[in-house]
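If you're matching them up, the sequences are chains W, H, X and S in order. Reminder that position 311 of the first sequence reads as 311 in our numbering, one-by-one numbering, no gaps. Reminder that position 13 of the second sequence reads as 13 in our numbering, one-by-one numbering, no gaps. Reminder that position 72 of the third sequence reads as 72 in our numbering, one-by-one numbering, no gaps. Reminder that position 166 of the fourth sequence reads as 166 in our numbering, one-by-one numbering, no gaps.
Wrong hints could be hidden among the right ones.
[Claimed, not checked] Here are the simulated distance ranges between beta carbons:
(1) S:Ile195 to H:Gly16: 32 to 38 Å
(2) S:Asn188 to H:Val100: 52 to 58 Å
(3) S:Ile195 to W:Glu294: 55 to 61 Å
(4) X:Leu57 to W:Val385: 25 to 31 Å
(5) W:Glu172 to X:Met139: 35 to 41 Å
(6) X:Asn128 to S:Asp84: 34 to 40 Å
(7) X:Phe5 to W:Asp176: 54 to 60 Å
(8) W:Val385 to S:Asp84: 52 to 58 Å
(9) W:Ala146 to S:Pro173: 54 to 60 Å
(10) S:Leu199 to W:Glu74: 50 to 56 Å
(11) X:Met139 to W:Ala146: 46 to 52 Å
(12) S:Pro173 to W:Gly204: 50 to 56 Å
These aren't lab readings, by the way, just hints derived from the structure by calculation. None of the values given here were measured: they were computed from a predicted structure. Every residue, glycine too, gets a C-beta built ideally from N, C-alpha and C.
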Amino acid sequence: MKRVFAILLCVAMMLSMVACGGNTAAPEADAPAAEGDKIVKIGVFEPQTGDNGAGGKQEILGMQYAHSLFPTVEIGGETYNVQLEIVDNRTSAENGPSAAAELINRDVSIVLGSYGSGVSIAGGEVFAEAGMPALGTSCTNPQVTADCEVYFRLAFLDPFQGTVLANYAFNELGIDTAYTLAMLGSDYDQGLVFYFKEAFEALGGTVISEDFPEGTANFVSYVTNAKSNNAGVIFAPVSINYAQLIVEAAASQGYEGALLGSDTWDNNKVIEAATGTDIEAFVTTFYQEGGAPEFDTGIKEWLNANPDMLTNNGGNDMIAAVTAIGYDAYLTALEALKLAGSTDRAAVLEAMPNVSFEGVTGLIEFDEIGDAKRDGAFIKTANTVDGVWDFVKVQTVE
Amino acid sequence: MSKNVLKIENATMQFGGVVAVDNLNLEINQGEIVALIGPNGAGKTTAFNVVTGVYQPTNGAVWFNGEKIIENHPQGKMKKLYKGEHAGEYNNTIAPTPDVITKLGMARTFQNIRLWKSQTVFDNVLIAKHCRTTSNVFSAIFRLNRKEEAKQRAEVEELLKVVGLYEERNELATSLPYGKQRRLEIARALAAEPTLLLLDEPAAGMNPQETDELTAFIGEIRDKFNMTIFLIEHHMDLVMHISDRIYVLDFGKQIAEGTPEEIQNNQRVIDAYLGVAEDA
Amino acid sequence: MQELFPYLLNGISVGGQYALIAIGYTMVYGILRLINFAHGDVFMVAGLVMVYTTTALPLYISIPLVLAATVVLGFTIERVAYKPLRTAPRMSVMISAIGVSYLIQNLAFYITGGVPQPVTKPIPFISNTVSIMGASTKMVTLVTPVLTIALVIVLVYLINHTKTGMAMRAVSKDFETAQLMGIKINSVISVTFIIGSFLAAVGAMLYFTNYPSVAITSGGMPGLKAFVAAVFGGIGSIPGAVVGAFIIGLCEEVIKGLGYTTFSDAFTFALLIVVLCVKPTGLFGEKVTDKV
Amino acid sequence: MNMTKKKTIFTAAVLLVLFAACVIVDLTLPSYHIAVTVIKKATVYALVAVSMNLLNGFTGLFSLGQAGFMLLGAYSYSVLTIPDGKKATVYQYFENGGLPFSFTDIFGGIFGEQVGTIVGMLIALLIGGLLAALFAFLIGLPVLRLKSDYLAIATLGFAEILKAFFQWNGLGPITNGSNLLKSYPTFNKATPYVIIAGLMIALIVLLINSTYGRAFKAIRDDEVAAEAMGINLARHKRMSFIISSFFAGIGGGMMAMYMGTIAAAPFKSALTYEILLIVVIGGIGSITGSVLASFLYIFSSEWLLRGLDSGTFLGINAPAVFKNGFRMAVFSVIIMVIVLFFRKGIMGDKELPNLLDKRPKSRKKKEAAGK
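Working from the sequences, and respecting the hints, build out all of it.
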């Protein structure tokens, strides 16, 4: 019995290999043969699980909402139905390549994502090999686009964001000692801290940096360290889960300085943790609710009409910046498809640099590296009474 | 004058406050078959374990082929607890692990058979040859040791023929009948090329016929390999039949020593085995 | 002293929570000689159940429900995954334990969708904030060590003065002989798992009161550290596990206080390796000799 | 034709067919095709699983440090091969980060760019393995004296400590701290992976069938008897540990090649567990089993069963059931069933040639009796 089983498995393995050999030709042969509506596939390369699962889901929401508004696109004079192909990259870099390969396997024309830079960089290698245009959403590490021909991006970059926050803390909050906290092993956290520190020290401030290991749940000691160093601000560009914990710890320890967060913090989970406490928190972000009223009301209605989507958004209809960026990403993809006049990914890739349109997060145009041209970031502060993020100002580097 | 192979000198083995072997002195000469007997719990297997390096004796020494291979004296906590004698006569510590002792030329069998269960009869014996291998791991991986390997395999085949297990060489060791497993264990010990063979109750669980066969087998081994044999046994027939000399242990103490005839007539031995009446 | 105080306070609290988990490890190890890798995940499940029940049900129902659910889980794991392997090699049982841990995490992942579940309604009173000696903290920080020690005293009393307790001690001394003496091994083992899970549930409720969300990996690290605590204290010894847990909790926080935050986890494991190599029996453990 | 000859021919034929299949896949499919990805990842896992099996299955040492040794291999490989020109971008947060030399450049200068790169890559892989072996030697000195489960937990802890060190900014100029290492050379095609892993596995098979391999098995079966038969336990355990770690290090280097970018984070205990479970599925003590299980596991988790996670599977559309995590949940149930009811796994302790063995006689007799 076992022997038969083993042999069967061997055969199955070989067959599957042979089968996939035949597969490649199939889609191209099938595509024109399909009657009626033509389909163009847009790949979504986002984490739905892992540390960035919550953020990734919110970003997908924006794309799904956009898709519900614009389910078709005119390409080369023909109407195509758009189909979203969502693949979970599980937040982690080691799953990036296979998730990327899966998207290419599904023969998408362009890829959107991801939330988180590490996984984007890992996926980028595969996209580059396949010549697949990819549009980074809220991945902010310069390396995503720097070495990668096919990667474009909507978000601002870490050097920009770190500098903005450092300027804000030093100039606006008038603080000269900052404490930074980053997760060990997270390139996103570490990168932002690096640029923050660089900018803050250039301004003449002092920075104390500490790391915490993955899975840390108790941040009381870290907050105490910040207090004992007389740091006027804690800069913790960490993922949503840890941001919540840090807010709680700071509140319970009666930390009197300000908390500074990056784009990840712009999330209803974080504001929930802060509500009812007397902490002071500032974040940078891509989008401010109220910036595009039509979009705001539209997506809120849509969220409230879809209980599943509402759950994915964390249970309420507050709009996260990443959702707005997801929305813009989808529209950018449609623009690129229109410009390309073809579903062929090489054509789309060629068309990408020429995209220019007004999205909800601002004007979208790419520079020669492939990054969106952005010169300002929204700064928001936590309104701990009403449980919302209040707009403070638009901060530029200067 | 025959050569002295094994000498146990004032060996005491104490576990906490319990003295399992108490001041044992014993000598075995080249070519002899010596038996160690005694009632259950007399400390026979413990004595074996001391000789083969499984336990470190609390006090005493063991000599093998004229060389002191094991020595110890009460140390640490045992200093206070020690109940035996001759504590001051030893001041050195030599504590080799069992594999070192095997390489010196002593191989043993176990009271409850300890064959390598997933291996064939042939491999069980072949593995015992491993301690005589001179090639290193790299030459083994890259098969630069073919000559040695071939030689060892030939020797094992030869040995299996001698002990009568050649037919079963490709079967799993555990699939052999009980008596043959005992035989295989002895063959395995022989493959390690010892000069002294230690057999721990080789006839345990055997019927009279099997015991007779084993008795003959042990005799054969001595003659064929010119082997010195030290054995623990409960079957008195076997012991009396093949032993040249016998040592008797009771409660860890040696109570008698001599030829089979002497032992058979020794009152202390009879008392130890049958128990002494309360008023005696 | 004033500066060190918040760290110490926090260390004792963390230590108490580790202690409640560590008891489960140490008791199971004492009897089955098995590292119950799934114990940390049982702890995590208790946290999840707490999150789900406290939002839907009043406290007087939800708390007993958390305890009951966790106990049932612990009991089931033993019956399904460990009992059939009683005669199997130790490695098989350990693999089974790792398999169970993997299974629980993946099921929890499936149910929660891989997103941490927020603690929306923490248990009142113990989540209140208090301020002592200038350091503000949650009530739970103060409650944990007291409750831990009270539970341990009750447990030790039970083990020393009840029939089941005696049976447990007998089984941990000598598994086979105890079986021959007519002790119902399986029920003793079940009781061990029930007690261990119960304490893990209590620990989870205290632990997650301090934190806003329960993630599926939340059980892993506390679980491993509690195990290290159990080894440090001498595996098989309940007071040892508790003392070990407090020491580890304190060390960890003090290390963070000294600024070596990068190595606070690594330190725990380094301590483990050192203890295992220098004194494998731990602080209070007994020496076990293998018979040849 | 006798049995041994038949077996050899059978084994060679199967291996040849598999290799040919892989080459065909490589020639016909683009390198980013999922089939190529699956083969690459599966070969890496297969090598690591076999190295773990050498330790856990053949020597009976229950070690959970595999992820740590892979980490060492992966980092040495990438640190040594990042071209000098790319160092500034990779080590963006560490000025003058990286080693002052790069194997790809050095050997590129000697043998010409293409050959030189490959030579540099292979040497870097080898060094990764050696570094892992060196660490295994050091950690083995204290740890290998421990009994089974203590050994497991100590090695697990060791892997965690290593991870913390590699993420530490103090080592940042070499390891790039918590940030990704990238831009090092990799193989795009699957065949090089198959060849390297195949050679390494072949070496392990040769070891297992040598006199040392037999000694390892003796230690696994009965330590006391092995020691009594003159096998130096400490020395052989250490040897097995070091050799296993060497191959895990090579596997880690290949993992780095496969992933294209690496960081310390993925090398956590979950990775070790995953590999361990693959070994169990394949059969503890069977090389063939480990390889087969790696392919099955990677093939189904990366490709076949992806539908379980994304709404539609086998044509059934049920997004409520087939949602995120369902695939892994199904997997873990299968694993538990194997652990509890099919403890021998797919292959037991049989190897590929054993598939030709006749069934044991007893069963035939039983069947006959049944008639």
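Evaluation of the provided hints:
{"no.": "1", "hint": "S:Ile195 to H:Gly16: 32 to 38 Å", "in the structure": "violated (60 Å)"}
{"no.": "2", "hint": "S:Asn188 to H:Val100: 52 to 58 Å", "in the structure": "holds (53 Å)"}
{"no.": "3", "hint": "S:Ile195 to W:Glu294: 55 to 61 Å", "in the structure": "holds (59 Å)"}
{"no.": "4", "hint": "X:Leu57 to W:Val385: 25 to 31 Å", "in the structure": "holds (29 Å)"}
{"no.": "5", "hint": "W:Glu172 to X:Met139: 35 to 41 Å", "in the structure": "holds (37 Å)"}
{"no.": "6", "hint": "X:Asn128 to S:Asp84: 34 to 40 Å", "in the structure": "violated (59 Å)"}
{"no.": "7", "hint": "X:Phe5 to W:Asp176: 54 to 60 Å", "in the structure": "violated (27 Å)"}
{"no.": "8", "hint": "W:Val385 to S:Asp84: 52 to 58 Å", "in the structure": "holds (56 Å)"}
{"no.": "9", "hint": "W:Ala146 to S:Pro173: 54 to 60 Å", "in the structure": "violated (20 Å)"}
{"no.": "10", "hint": "S:Leu199 to W:Glu74: 50 to 56 Å", "in the structure": "holds (55 Å)"}
{"no.": "11", "hint": "X:Met139 to W:Ala146: 46 to 52 Å", "in the structure": "holds (50 Å)"}
{"no.": "12", "hint": "S:Pro173 to W:Gly204: 50 to 56 Å", "in the structure": "violated (26 Å)"}
Of the numbered hints given earlier, the model fails hints 1, 6, 7, 9, 12; all others are met.
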